[in-house]
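Peer 1: Each chain is listed here by its residues.
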Amino acid sequence: GAGVSQSPSNKVTEKGKDVELRCDPISGHTALYWYRQSLGQGLEFLIYFQGNSAPDKSGLPSDRFSAERTGGSVSTLTIQRTQQEDSAVYLCASSLIASGHYNEQFFGPGTRLTVL
Amino acid sequence: GQQVMQIPQYQHVQEGEDFTTYCNSSTTLSNIQWYKQRPGGHPVFLIQLVKSGEVKKQKRLTFQFGEAKKNSSLHITATQTTDVGTYFCAGPRSDYKLSFGAGTTVTVRA
Numbered sequence: 109g110a111g112v113s114q115s116p117s118n119k120v121t122e123k124g125k126d127v128e129l130r131c132d133p134i135s136g137h138t139a140l141y142w143y144r145q146s147l148g149q150g151l152e153f154l155i156y157f158q159g160n161s162a163p164d165k166s167g168l169p170s171d172r173f174s175a176e177r178t179g180g181s182v183s184t185l186t187i188q189r190t191q192q193e194d195s196a197v198y199l200c201a202s203s204l205i206a207s208g209h210y211n212e213q214f215f216g217p218g219t220r221l222t223v224l
Numbered sequence: 010g011q012q013v014m015q016i017p018q019y020q021h022v023q024e025g026e027d028f029t030t031y032c033n034s035s036t037t038l039s040n041i042q043w044y045k046q047r048p049g050g051h052p053v054f055l056i057q058l059v060k061s062g063e064v065k066k067q068k069r070l071t072f073q074f075g076e077a078k079k080n081s082s083l084h085i086t087a088t089q090t091t092d093v094g095t096y097f098c099a100g101p102r103s104d105y106k107l108s109f110g111a112g113t114t115v116t117v118r119a
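Protein chains in written order, with the working numbering: chain A, 109 to 224; chain B, 10 to 119.
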């Protein structure tokens, strides 16, 4: 089956504009994660969705960042009034959650965001 | 919150040599995962270790989970150019989230 897909692969925007990044997880995966990776850095957790539960937004860096997941599948990460420090690769991952087990996360190819 | 620390941050290796990268946590981990990210690519799951003292091998890669379940290591023998990339360890946080280490970036001299 298909893996995690993300769109667009690259996004160049001007400072102050809003952007939407899309993630299509693996079918049947109930858990969906967004991460941010700055150049040469590790993975910064942003937000986590699990089934119909309220999302864990503890990693969002500011109120300019928001995300939603519709119908337990596709997710959209929105960044409002983008700043240059938002430039990074935004990675989405999905996982099949089984009670008591931490299963592997499958990552999408990422969206490279450049804010001019 | 719980964090995992990786050392070294960079590893420059002569082709054919061995090296080890380490992952340490201040708290006991229920499990640890390792991922590899090739240059320009995305992280790909390599392995998960669950048991104290567990050792798993994947060809030239040997993964170990410490007896106290607070540290882990990845040892690569006879390094090849295909081993280039960044290796991340990840420990669990609450509610099925992972805390990723900063990664060890490996370059290989032919």
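Please keep in mind that the hints were generated in silico from the structure rather than gathered at the bench. These numbers come from a predicted model, not from an experiment. In this text, a Cβ means the ideal position worked out from N, Cα and C, and glycines have one as well. Be aware that one or more of the hints could be misleading.
[Stated by the list, open to error] Partner residues aside, some chain B positions facing chain A, computed with beta carbon under 10 angstroms:
(1) Gln42
(2) Tyr44
(3) Ala87
(4) Gln89
(5) Thr91
(6) Gly110
Peer 1: State for each hint whether it applies.
Peer 2: Quick rundown of the hints versus the structure:
no.	hint	in the structure
1	Gln42	holds, 7 angstroms
2	Tyr44	holds, 8 angstroms
3	Ala87	violated, 26 angstroms
4	Gln89	violated, 23 angstroms
5	Thr91	violated, 19 angstroms
6	Gly110	holds, 7 angstroms
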